[in-house]
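K.L.:
The numbering used here puts the first residue of the sequence shown at 162, with every later residue one more than the last.
These aren't lab readings, by the way, just hints derived from the structure by calculation.
For every residue, glycine included, the Cβ atom is placed at its ideal position computed from N, Cα and C.
Don't take each hint at face value.
Claimed, not checked - Label-pair ranges, simulated between beta-carbon atoms:
#: 1; residue 1: 328; residue 2: 398; range: 33 to 39 Å
#: 2; residue 1: 428; residue 2: 199; range: 32 to 38 Å
#: 3; residue 1: 474; residue 2: 397; range: 18 to 24 Å
#: 4; residue 1: 202; residue 2: 245; range: 43 to 49 Å
#: 5; residue 1: 428; residue 2: 256; range: 45 to 51 Å
#: 6; residue 1: 347; residue 2: 467; range: 47 to 53 Å
#: 7; residue 1: 215; residue 2: 178; range: 23 to 29 Å
#: 8; residue 1: 428; residue 2: 513; range: 16 to 22 Å
#: 9; residue 1: 306; residue 2: 213; range: 33 to 39 Å
#: 10; residue 1: 314; residue 2: 372; range: 28 to 34 Å
#: 11; residue 1: 202; residue 2: 347; range: 39 to 45 Å
#: 12; residue 1: 239; residue 2: 367; range: 43 to 49 Å
#: 13; residue 1: 513; residue 2: 220; range: 29 to 35 Å
#: 14; residue 1: 215; residue 2: 313; range: 47 to 53 Å
To be verified - Cross-link-like lysine-lysine pairs, in silico, PhoX-like; alpha carbons within 20 Å at most:
#: 15; residue 1: 358; residue 2: 269
#: 16; residue 1: 318; residue 2: 303
#: 17; residue 1: 318; residue 2: 269
#: 18; residue 1: 213; residue 2: 234
#: 19; residue 1: 234; residue 2: 303
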Amino acid sequence: MNKNKLMRNLDNRIDYGVILPVFLLSIIGILSLYVALSNDPNRPEIGNMLMKQGLWYLVGGVSIVIVMNFSSKLLWRLTPVFYVIGLIMMGLLLKFYDPFLESQTGSKNWISIGGTTFQPSELMKVAFILMLAYVVTMHNVKNVNRTIKSDFWLIGKMLLVTMPVIILILLQDDFGTMLVFLAIFGGVFLMSGITWKIILPTFLAALLLGAGTIYLVTTTTGREFLYSVGFKPYQFDRIDLWINPFHHDPDRSFQPALAITAIGSGGLLGKGFNVSDVYVPVRESDMIFTVVGENFGFIGGCFIILLYFILIYRMIRVCFETNNEFYAYIATGIIMMILFHVFENIGANIGLLPLTGIPLPFISQGGSSILGNMLGVGLIMSMKYQKEATIENY
């Protein structure tokens, strides 16, 4: 095979519709981080922070290339191993969490190694997706003729691998991350082939539970009940501030109110690059979308959402085009993970949803988040890469 033919074959195996939006979002992430840090009154070491972020993008890019070369057979064999390792890391975190970050965030979800902080739950999301796909695929292969009984048995298997993760996250007091895992579970649940006779009542029950919880928060008796089942004061505060972001108490409404103000002040076209007239706490992380809104306005925000739309659309195409059931469920989980992150983060920044501390994929500061999302992209890329490789071998 000559060099030109080899390059054409390589191009056919790389899904540029997935990798290009990720590249653009990463560039926007570096620029947004620079704006957020350069306008921070605490004046952190901007150069050092940008270098760390750039290094994580590089590590993430390398991880995409490595994961792309994983065949479905290799992924299948390694999935239980990844899942067990993930649970062990999450369990160790309860003992070796970073006490400083726990005091700042209220969650025991960070570990510090040599001055670098890391969040194991971000990698656990990918391991969890693989394990759910593994369980559903194995069940469907053994139960070709579906019945309500077999569907309930599948739900039981899915819950069996989900509950240990949820319990560990609850012990870490990380409600936002738990919602991401539930969104992943919900996406794979819908795509698993379970009959609508089970899905419809489950969906209605979840909707009723969510609406009922919001109602209970608005009543004194309801709050007392929620306190008794484990709700924390900060969770009530987040719902209160979602309902009324411009609360009369400035200490409680500081972040959400200023986020809405910053985005609104950008208008249609924004104030221009590196202009920050409204200070928003933790802007480099969970509130990074306020940088885009203030600097580039409504048009800039729409461009970011368009990039995510293209990325999700291309991932959905990969999901429908693959003839590998295991791959299809992996793609479903990754799509739900990224989609929920985008929807919740941007929704919280503009006041549409309560704040949960969820980062914006590929843009927010945070190495573990970048690495987890890049691994997800690598798995999506491997589906076309390995498919084309298989065809060439016949």
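K.L.:
Hint by hint, where does the structure go against what was stated? Just the numbers, ascending.
P.N.:
Hints 1, 2, 3, 6, 9, 12, 15, 17, 18 contradicted; others consistent.
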